[in-house]
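Following the hints, complete the assembly by docking chain B onto the known chain A.
2 protein chains.
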Amino acid sequence: MKKYGLALIGGIAVVVAGWFLVDAKPVVAKTEQSTAVFDSQGKLKLPTGFREWVFVGAPLTPNSLNNGKANFPEYHNVYIEKKNVDAYLKTGTFPEGTVIIKELTRVLNPTFPDGSRSEPSGRGYFNGELNGIDASVKDTKRFAKTNGWGYFTFGHHPRPYQQTAEEAPATECASCHQSFVAKTDMTWIQFYPLLRDKPE
Amino acid sequence: MKKYGLALIGGIAVVVAGWFLVDAKPVVAKTEQSTAVFDSQGKLKLPTGFREWVFVGAPLTPNSLNNGKANFPEYHNVYIEKKNVDAYLKTGTFPEGTVIIKELTRVLNPTFPDGSRSEPSGRGYFNGELNGIDASVKDTKRFAKTNGWGYFTFGHHPRPYQQTAEEAPATECASCHQSFVAKTDMTWIQFYPLLRDKPE
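In order, the protein sequences belong to chains A and B. The numbering of the first sequence is this note's numbering, which starts it at 2 and goes up by one. The numbering of the second sequence is this note's numbering, which starts it at 2 and goes up by one.
In isolation and in its complexed conformation, chain A is listed as follows (with noise of 0.2 Å):
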């Protein structure tokens, strides 16, 4: 009796350890999202699971205030992933295999010439339809020629993005990272009040 008991203990313990492990794949499967997957041509697959990662800012460049042709129509809301933000907080610098995601979104219907309207909690500026994203990919030595980071485009237009982007030419992205912030690891840490003020 006590032989069939242990087995029966036994067992039910490897349903519950099995139960476990599969409860644990999710988890697993979200790590997996957050890392820069590159298809055999080298070009960037479509960064998933951002929308958990911490947003740190929102600049605002309305078409109406700049001719109507925004670089980049209109907000762009940016996106790093917590141990990411964690680890700069500490270092001043992000660890290899950073993916910092900006996705645009137009504003939404503009009454004034500035592009803003009025709604009940005052007259600015509020998210119309989602826009486009670029990221940028913190490799040192697949990027060495660009300060160690990468810069794609998956379309500045609505849905559905790109599922791939090649990365762009230096002279389109990556430049303008060199000239104004190759101080602050190439990325633009004095519009993100969680990176450049201090801790709570």
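No lab work stands behind these hints, which were simulated from the structure alone. A hint or two may mislead.
[To be verified] Derived lysine-lysine pairs resembling DSS-like cross-links, with alpha carbons at most 27 Å apart: (1) A:83 with B:83; (2) A:46 with B:83; (3) B:184 with B:146; (4) B:44 with A:46; (5) B:184 with A:199; (6) A:84 with B:46; (7) A:84 with B:83; (8) B:83 with B:199; (9) A:46 with B:184.
[What the hints assert, rightly or not] Derived DEER-like restraints, expressed as beta-carbon distance ranges: (10) B:114 with A:39: 23 to 29 Å; (11) A:83 with B:159: 41 to 47 Å; (12) B:148 with A:72: 40 to 46 Å.
Bear in mind the structure is a predicted one, so any value in this text is a computation, not a measurement. For glycine and all other residues, C-beta sits at the position ideal for the given N, C-alpha and C.
Frame of chain A, contents of chain B only:
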């Protein structure tokens, strides 16, 4: 021998199961942070963990476009936990216990009369100092008088924020939500592309 073998397997399996239990703890802790916590006087404790919730939009009502006195100065960054975003997309209503966070940030040192400034990405608005937190909590029993939602402000000023907040008078918050967005579960879905537009 067989008996000891089974006991050993059983023991290992229990240890393995235990390890997965321990490993699962951080997820549980994160879930706890996302729940509204009230103190003995019924005040809401300042929610934590929201920086890893889903950012859904950033209405911007610059002081400069609102006679120097915006109701919410000036960016209002809004966060909702992913499971509640998913539930809304499925059902058109938020689950009991949903917490919505609105964190304010000032605009960065304006140089134009409309509150904007010029940067390499164009003329517009950029995130200044973090400037306060408001929260709303869905609890149809506790807040039955205000359509099931309670509203709280932890101060509209730079950090440190208040650590607890009592429910705001209905005339201060709930009445505006009731007047304008009662049909979308008291929330400003029309400004949140992920909730307003068709899913990705």
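Now the hints, each set against the structure:
For a cut-off of 27 Å, the pair hint linking residue 83 of chain A to residue 83 of chain B stands: about 16 Å separates their Cα positions. Pair hint residue 46 of chain A plus residue 83 of chain B holds up; C-alpha atoms about 23 Å apart against a cutoff of 27 Å. Of the pairs offered as hints, the one joining residue 184 of chain B and residue 146 of chain B holds, with about 16 Å between alpha carbons and a cut-off of 27 Å not exceeded. Between residue 44 of chain B and residue 46 of chain A the alpha-carbon distance is near 46 Å, which puts this suggested pair outside the 27 Å criterion.
With a CA separation close to 40 Å, the supplied pair residue 184 of chain B and residue 199 of chain A exceeds the 27 Å bound. Taken as a hint, the residue 84 of chain A and residue 46 of chain B pair is honoured in the structure, with Cα atoms around 25 Å apart against an allowance of 27 Å. Note on residue 84 of chain A and residue 83 of chain B: the hinted pairing holds, with a Cα-Cα distance of about 19 Å set against a maximum of 27 Å. Taking the CA atoms of residue 83 of chain B and residue 199 of chain B, the gap is about 16 Å. The hint holds against a cut of 27 Å.
Restraint check for residue 46 of chain A and residue 184 of chain B: not satisfied, since their Cα atoms lie roughly 39 Å apart, outside the 27 Å limit. Taking the beta carbon of each, residue 114 of chain B and residue 39 of chain A are about 47 Å apart, not inside 23 to 29 Å as hinted. Here the CB-CB span from residue 83 of chain A to residue 159 of chain B is close to 23 Å, at odds with the stated 41 to 47 Å. Range check, residue 148 of chain B to residue 72 of chain A: Cβ separation about 42 Å, and the 40 to 46 Å hint holds.
Going down the numbered hints, you'll see the structure goes against 4, 5, 9, 10 and 11, while the others check out.
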